[in-house]
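Engineer: Make a model of the complete structure from these sequences and hints.
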Amino acid sequence: MRVTEQEVRYVAGLAHLKLSDEEVERFSSELGDVLTYMEKLNELDTRAVEPMAQVLYDAGETATLREDAERPVLDAEAALANAPVAGGGFYKVPKVIER
Amino acid sequence: MEVASLTVDRIREGLAARAFSAVELATEALRFAEAENAKTNAYLHFCPERALEAARRVDEKLARGQDGGALAGVPVAVKDVICTRGVRTTCGSRLLASYVPPYDATAVMRLEQAGAVVLGKANCDEFAMGSSNENSAFGPVRNPVAPERVPGGSSGGPAAAVAQGTAVLALGSDTGGSIRQPASFCGVVGVTPTYGRVSRYGLVAFASSLDHIGPFARSVRDTARLLGVIAGRDEMDSTSAFAPVPGYAAALDGRARGVKVGLPREYFDGLASETGDLIARGVDALRRLGCGVREISLPHTPYAVGCYYIICTAEASSNLARYDGVRYTMRAPGGETLIDMYRSTRGEGFGAECKRRIMLGTYVLSSGYYDAYYLKAQKVRTLIARDFAEAFRQVDAIVTPVSPFPAFRLGEKLDNPLEMYLSDIYTITGSLAGIPCMSVPCGRTVAGLPVGMQILTNHFDETGMFRLADAFERAGGADG
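As you go down the protein sequences, you meet chains A and B in turn. The numbering of the first sequence is our numbering, which starts it at 565 and goes up by one. The numbering of the second sequence is our numbering, which starts it at 267 and goes up by one.
If you are wondering where the hints come from, they were derived from the structure by calculation, not from laboratory data. Here the structure is a predicted model, which is why all the values come from computation and not from measurement. Just to be clear, a hint being listed does not mean it is correct.
Facing chain A, a subset of chain B residues (Cβ under 10 Å, in silico) [as the list claims (entries may be wrong)]:
id, residue
1, Ser364
2, Leu476
3, Val559
4, Pro568
5, Ala587
6, Ser610
7, Ala618
8, Arg622
9, Glu739
Heads up, simulated DSS-like pairs for lysine-lysine below, C-alpha to C-alpha not over 27 Å straight-line [claimed, not checked]:
id, chain 1, residue 1, chain 2, residue 2
10, A, Lys582, A, Lys656
11, B, Lys526, A, Lys582
12, B, Lys679, A, Lys604
13, A, Lys656, A, Lys604
A virtual CB, placed ideally from N, CA and C, is assigned to each residue, including glycine.
Structural biologist: As structure tokens, this is what we get:
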């Protein structure tokens, strides 16, 4: 199986990843190799098999719910401390709305 | 004080006898670890203030005649994907090079409550993606046993620190083998507990249905002690299990008579190598301990690598979406629009393997491919889990190699991602099933490279796994 450079650019767009031309070329061949290997799964008939999304163990339906009570949360200053650009208690991003 | 060979017991005895204080031990452990680190790059950074503060608390408790805790004064390395309040947590990534978490992971909090002393943060593959530790943005780790070779990955730093003696215990994380494979390569003990046994609150997410936190140590007993401290329900992680935590270390009596051990034929077919010979010797030692050994079958094993790399990349592409230049420290300059800024930040911030996995995961989740890849893989995962459920109706424990080969040379597999992925072939099945699994040292090759034996037991039977490993270790391992 081969992934074309056009497909690589399309997927990179979905993933918001800027790739160099060299990366596009490299991923085109590497992803193809790995996806070909993954196609081995098609040898198995899984029509009657339930998908496994999580490892499950026995617990009551509401076991993971806690009491709906107030508790301390991070204050805004601590939450914003790692922001590359912040101000006035907010994250700052490039302009998204044109006037 | 010989810090490189300390055990939890010897530290407790030393503190009780006033041979040294916790602060003296922490000071010497930090000095030694910092001096030795150039040989391996096992630690990314140290946190001496935090370590000395933790040690001071232990000394104060002891001075008041109180119990210092189950791990009083014990120096620990913490993999740098596990959050430490006020101490940088980089995930081995350029993107998080200056990230300072505002909270502690539950596992770290429990460690310190038990008196442990966190010396620093250990190196790893970027976002725990890799099998060699060569994907760290801050340089590879060298194997302390053979410096021209890799320590394994992704928890290469924690494994190397414990092997080198610059930590007595370490916390790692395992998604498809990231604790067991480096433990095997470095000749130490490493455990991936049952899925949900240890809270992941504060573990930076890679593949949420597969991520685990687990312990490293130089002995089965110390590994069991560490797991006993960090295991148990945590309301901050809704996937953490309610099952009570038994006394793992107290159950170790060196006996393995009558334990039914299964050898899955799919793991041994075509394993004609020094690794295979050493595991065979290990199995002979188990027989001499009185274990009943029989062949079993886990028929869906050949599908595990494909299944795993679909599920883990899909989940990773989703989990890593949050690193977009808004909240987490790094933003690439020059993005005119919001989307440009996202794309440049992620393109510059992530290393090659992270990009590869984000691309694979986005591809298998993209419109038109979801059923063919992701849903298919989830169904195959059911079949793999059923294989184990069936096997545990016949045997108490399953024994396999951890890796098809011992530590390879730095650079040897870097240019071939598929070959690197295939090195996880024996560890990812247990991860997919969510069962406890561990690596215990099983001799060395002629060249002196450690080989690990993997022991797997049923969900929440960590006790059975530790008992078998402890009996094996006490009997002398593969040479017993």
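Engineer: Next, verify each hint and record whether it holds.
Structural biologist: Here's how the hints hold up against the structure:
no.: 1; hint: Ser364; verdict: holds, 8 Å
no.: 2; hint: Leu476; verdict: holds, 9 Å
no.: 3; hint: Val559; verdict: violated, 28 Å
no.: 4; hint: Pro568; verdict: holds, 7 Å
no.: 5; hint: Ala587; verdict: holds, 8 Å
no.: 6; hint: Ser610; verdict: holds, 5 Å
no.: 7; hint: Ala618; verdict: holds, 8 Å
no.: 8; hint: Arg622; verdict: holds, 7 Å
no.: 9; hint: Glu739; verdict: violated, 28 Å
no.: 10; hint: Lys582(A) with Lys656(A); verdict: holds, 21 Å
no.: 11; hint: Lys526(B) with Lys582(A); verdict: violated, 53 Å
no.: 12; hint: Lys679(B) with Lys604(A); verdict: holds, 23 Å
no.: 13; hint: Lys656(A) with Lys604(A); verdict: violated, 46 Å
The structure shown violates the earlier hints numbered 3, 9, 11, 13.
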